[in-house]
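There are 2 protein chains.
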Amino acid sequence: MAARPRVIIIGGGFGGLTAARALKRAPVDVTLVDRRNHHVFQPLLYQVATAALSPGEIASPIRWIVRRQSNVRVLLAEAQRVDVARRTVLLATTGTTLKGHATEPDGSLTLEYDYLIVAAGATHAYFGHDEWRERAAGLKTLDDALVIRRRMLLAFERAELEPDADRRRRLLTFVVIGGGATGVELAGALAELSRHALAHEFRSIHPDTARIVLIEGGPDVLPAFLPPLRAFARGALKKLGVEVRTGATVTSVDDDAVEVGGERLPAGTVLWAAGVAAAPIGRALGAPVDRAGRVLVEPDLSIPGHPEVFVIGDLASVTQDGRPLPGVAPVAVQEGEHVARVISGNSRRAFRYRNPGDMATIGRAAAIADFGRFQLTGWIAWVAWLFVHILKLTGFRNRLVVLVQWAWAYFTYQRSIRLITGEDRG
Amino acid sequence: MAARPRVIIIGGGFGGLTAARALKRAPVDVTLVDRRNHHVFQPLLYQVATAALSPGEIASPIRWIVRRQSNVRVLLAEAQRVDVARRTVLLATTGTTLKGHATEPDGSLTLEYDYLIVAAGATHAYFGHDEWRERAAGLKTLDDALVIRRRMLLAFERAELEPDADRRRRLLTFVVIGGGATGVELAGALAELSRHALAHEFRSIHPDTARIVLIEGGPDVLPAFLPPLRAFARGALKKLGVEVRTGATVTSVDDDAVEVGGERLPAGTVLWAAGVAAAPIGRALGAPVDRAGRVLVEPDLSIPGHPEVFVIGDLASVTQDGRPLPGVAPVAVQEGEHVARVISGNSRRAFRYRNPGDMATIGRAAAIADFGRFQLTGWIAWVAWLFVHILKLTGFRNRLVVLVQWAWAYFTYQRSIRLITGEDRG
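If you're matching them up, the sequences are chains D and X in order. Take any residue in the first sequence, note its place counting from 1, add 339, and you have its number in my numbering. Take any residue in the second sequence, note its place counting from 1, add 339, and you have its number in my numbering.
Errors might be hidden in some of the hints.
One copy or two, either will do: identical chains are not told apart, so a pair holds if it fits within one copy or between any two.
Restricting the straight-line Cα-Cα distance to at most 20 angstroms, the calculated cross-link-like pairs of lysine to aspartate or glutamate (DMTMM-like) are [what the hints assert, rightly or not]: (1) 479 x 417; (2) 479 x 762; (3) 363 x 540; (4) 731 x 676; (5) 578 x 547; (6) 363 x 676.
These are calculated hints, taken from the structure and not from any lab test.
Full structure from sequences and hints, please.
Rendered as structure tokens:
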């Protein structure tokens, strides 16, 4: 009997995890590699950053998720090199994160594959201004979310202690760069935090006077949505007191301020929701990549010349009907399912994305949703958003706890997880 | 009209927070200072360290807790010096935790008081071996709990990747130093984590074979409890597979091993629950202190010669009926209430502790409880423990969410918050 084909999956996000689960009944041995031990439900990451949810409520250990699937093993390690000619992946175990165990040599491990699925995702891109990284916090991981939470909450605490009015004003100014879904959701949630949850808990400052500026380089926020939905979102942001600046280019981010369209905007906290770049391992495959480093895949999501290597999720560049598919969870999920079908059935059908609908929230009871045949705005869109996100969360316990948290926040206007933990080294 | 007396409280733990709340109707202005923005329910900290609860479920922002109390202001700052002659406290704002704001000078602030309540608590003590600190993680703060959680979970992940049997064995050996309540609870919870929650999720290792060693220098674990309760606890630990070594002195803790009673015990993870030392600010008051740095207070909890300065909680050394009061939450709470009564009523009655009972859990459905007139062990003690801790938690939402988590863990044997986040610098 021949050995079962070995499938290596790099990345336990929506794409990689879906592929692993979809291979449940396939006669293959799957190795799922991730640098982190947990899968994160990214669409709710901004709620962790704004103190509405706990990290544990939107993340689950990857090995827990696949615990009943005996053909999958999970390794906490970083894929450092891929050799597509020899069909090997070089893994570094993430030993460097475990100080106090310094005598353990950093292990490395070479694994062979018959099929490789690269789903390593994306990271922040600062448009050639890597010096902005330290100041302008991005939001991709739980650790990122905790950095943002800490900085936002510390800004209010420091303002309470600050006798100088200008410095206080600066501390209470929050700039969100990037007007896509993440930027809009962050700005909206931050406005609610300051307008409601924190409003009456300080003695020297008035948190509800915090200035929140949302900067978008393009002509409008939420460019992926239809004009009437965008108009609704702009109105909802305005009602929350968020200043929206469109067509505005950021030219500098320093310790004191953000420079936008020639104007210096003194700001205590700067959040980055503007650019993403594909994970560097994409370039290591030897396949053509686009400007953001995304791999230009074949119609079946494999790479040219290597039908056994697939790239999915945010790391893949897929064009459909003349437009690139967006870097969102449903795309990654469907790509993961497709690749699992290709591997188990060995059918080489072209991938085709069926859009289940696009959604964004702009705070309490305000959202927009586009289901293709019809659109929703306001409370009803928000209920739809809630419903979809609760259903998609991994794990019944998470669903239950998140429902409790949301119900609590809805009726009390409170943000529960306002903890300043950890230290900022960034 | 004379100005209202100014009360400064240093520390937002059980003692300081209780004092602030008990001064609600007193005609005083209270300033509550803490280095952290949150109050932690310390009796459940070990459950955060062992992935059973989220940080946000056992902690609440201090300013949220006192939000309706208009005579309290809360400052996130560190008390650096106390001048009891001039009645001033020098505060350093915790600016150093906010990098990326480097241009803000570290503010300092001098506050005057009419009454001072020092409730700064305790920290770990390594019996003169500060070089053990890095390896032997203590458990006092949320950040400590997250360090322990990360190290424990990483040990299993690294063992899964480790080809060498000896190294694997070492990674799967956990040593808990200190057989008091914290040590017993940590060892028990860790045993359950490895025996149940992780048991079937790895492919190369068997987490349920993890070796957990609990080391106590004295003749028995849980010395504060009666012999029959201690015997029950020892039995429960044994059933969980915890090796208990009593009368054993640790002579060395290094990167590879713990040396105990002349024997080298190779260990991947070392937890410290053995010694506490009072916060350094206690010595700055000029009052006599005991060997652990605790302030020897007068019967009314003030310091000699300064009836306007009080020390409470783990920082105070109070002897009652010839025995020192333990460093537990009920003592701090009652001391906080007492001092508030002294300040508002100006009565100088001696403090007297009424013990509501002592409890400790040794894992799932096993606990011991001593209520003075009667003792409980096993399931019924565990239910009593559960009930008491849920009721004492701050905030209805926390109670609700913790109940959900515990019910979930009870019926599924799972540990939900198994996230490896942050990086170890310690």
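Homomeric proximity label, residue 479 with residue 762: Cα distance no greater than 20 angstroms: Both, since 18 angstroms and 16 angstroms are each at most 20 angstroms.
Within, between, both or neither, where residue 479 and residue 417 count as close if Cα-Cα is 20 angstroms or less: Within one copy only: 17 angstroms inside, 32 angstroms across.
Status of residue 676 relative to residue 363 across identical chains (alpha carbons, at most 20 angstroms): Within one copy only: 11 angstroms inside, 60 angstroms across.
20 angstroms Cα threshold - placement of residue 540 relative to residue 363: between (51 angstroms within a copy, 15 angstroms between copies)
Alpha-carbon proximity context of residue 731 and residue 676, limit 20 angstroms: Classified as within; 16 angstroms inside a copy, 48 angstroms across copies.
Alpha-carbon proximity between residue 578 and residue 547, which holds within one copy, between copies, both or neither at 20 angstroms: within (13 angstroms within a copy, 55 angstroms between copies)
Violated hints for the displayed structure: none, as all numbered hints are satisfied.
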